[in-house]
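Visitor: Single-letter residue listing:
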Amino acid sequence: MSRQMGESHRRFLQTMMVSGVIDEQAAKALYQYCCETHHTQYAPDKLEDFIDTINSRLQPMFMQIRKGMSENNGLQYYALVNMAETDITRMSSDYADNELELFRKTLDLIVCSENGKASSTDILNSTDSMTTRKMKKSETEHLLSRLVHDKWLSEKRGEYTLSTRCIIEMEPYIRTMYQDHIKVCHICRNIAFQCQICENPTCGIKIHNPCVARYFKGKSEPRCPSCDDFWPHEIPEVKRPHSQSRR
Amino acid sequence: MTFGDSLPFMRCVAMTQRKRPSSTQSSSQRRHTGNLVAQDEDDDATFTQPSTSQVQRGLEKLTPAQVDQKTAEVVQYFLVKDQKKMPVRRADLVKHVVKDYRNIYPEILKRAARTFDQVFGLKLVEIDPKNKMYILVNNLETPDKASPVRSPSNPKMGLLLAILSVIFMKGGVVRENLIWNTLRKLRVDPGEKHEEFGDVRKMVTDEFVRQRYLEYVRIPHTEPIEHEFRWGQRADAEVSKVKILEFMGELHEQDPKTWTQQYRQAHSLPNSSQASTSSSSQR
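Chain order of the listed sequences is Z and P. Counting from 165, one number per residue, gives the positions in the first sequence under the working numbering. Counting from 2, one number per residue, gives the positions in the second sequence under the working numbering.
Hints were generated in silico from the structure; no laboratory data involved.
So, partial list: chain Z residues that the calculated Cβ filter (under 8 Å) puts toward chain P:
| no. | residue |
| --- | --- |
| 1 | M169 |
| 2 | E171 |
| 3 | R174 |
| 4 | L177 |
| 5 | Q178 |
| 6 | V182 |
| 7 | A190 |
| 8 | A193 |
| 9 | Y197 |
| 10 | T201 |
| 11 | R221 |
| 12 | P224 |
| 13 | M225 |
List time: in silico DSSO-like cross-link candidates among lysine-lysine, alpha-carbon distance up to 27 Å:
| no. | chain 1 | residue 1 | chain 2 | residue 2 |
| --- | --- | --- | --- | --- |
| 14 | P | K86 | Z | K315 |
| 15 | P | K146 | Z | K210 |
| 16 | Z | K315 | P | K157 |
| 17 | P | K146 | Z | K192 |
| 18 | Z | K315 | P | K194 |
| 19 | Z | K300 | P | K203 |
| 20 | P | K186 | P | K157 |
| 21 | P | K194 | Z | K300 |
| 22 | Z | K320 | Z | K281 |
| 23 | Z | K301 | P | K194 |
| 24 | P | K85 | Z | K315 |
By construction, the Cβ of each residue, glycine as well, lies at the ideal position given by its N, Cα and C atoms.
The whole structure should be built from the sequences, with the hints applied where relevant.
Guide: So this is what it looks like as structure tokens:
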């Protein structure tokens, strides 16, 4: 049931347009702030309804505010995404043809990897097989830092992963393009890049690191939820949301 | 400073844009647009505003869904352009987006303006009645309390605001040397490549001018050639002179009223009507 859009909704949307992606705690704080600034009735548990109202008006423009989980900290994030493109041409006004080709190659590497990461070395090597204008090493490095700045990729210790915003926005595209290669989390059923895999060769289910943390929390002997084999991987700690609302 | 907060940037790209050629420079894109100028001016010259009855007849031949779809495309186009702070030229809009629906163009634009207002809290403003150019301006009032979500810091805007402030305080026009000296005092040397801004001269005299934040005009009969800076149309529409004066007051610990000329200037026109028309009188 969609209410009318008011100033509070517009302010929320404008903030999403500027920020691109925000974590759930920031979204809740923003929702409250927008309601209070415009003297609108505020119900703390109605954030989803509030966003639904905005989404119903964004739908004709093929835009949506969508929710997704970070593979790093397990927190929920909201991102303003473009639903229109079925390809990565959504990025086309910011990147040149050869830059998009390199991004696609990076995507290939990440999707087909076991750990959901692509090393900068592998990415640099993939420029050898480019069909558009080849990129020099310095150009590739510059492009990668732009992709990180624009929140398409994340980087840690020379390894690149898909950012939360990228996963939220590109999941439909990735599911279509890489049907046979994608991993799906057994617990939350969403697409998984960085995850743990059951070592039983006849099982092989995948679970996101944060989903592992939550599922096995407090269990003295972790066992695979599918085949019951001992789960050999290190169980991470459940991460708690912190008060900073950056990113 | 809330100036940065009031500029909407859209991070996701919405529609099929002309792909940039394989190049890492943006100059190719500029050349691309430059080549189209002459052609688009011809297009605009041949675009005659349809009459109200023509628009009515045109609407009767289309389904509501078709009109809505076309309106959505226009909205997307604007949002993408606005991401780069580039004004939208009517000729481009008609040629690349409106196309066959040009006979109902005024209706499409009216509905797009309504969408901007109702969904995004943005106002469609015509900044150049002669050349028919539009920008999007924030329509939401500046709140008293700061947002809990910090926008990504935009240092360019800070620098721009410093420049605009100097121009305003000096009566609306300044010779370029004053701006260069001001920047040097801020440790931004136009002669050197800056870590954050790169080619500072280019950013100020080219990027800010194209975005319509500044005007950079040659002063006749100067040798060597000198230019002067004024506020651009986007600055007129988006930046509050009242707020600049308030900031100056805080900076110098003075009452804004002590700058009588500037105070009068800032309070003479409400900001919203400084730029020319709003959507209702579009053409």
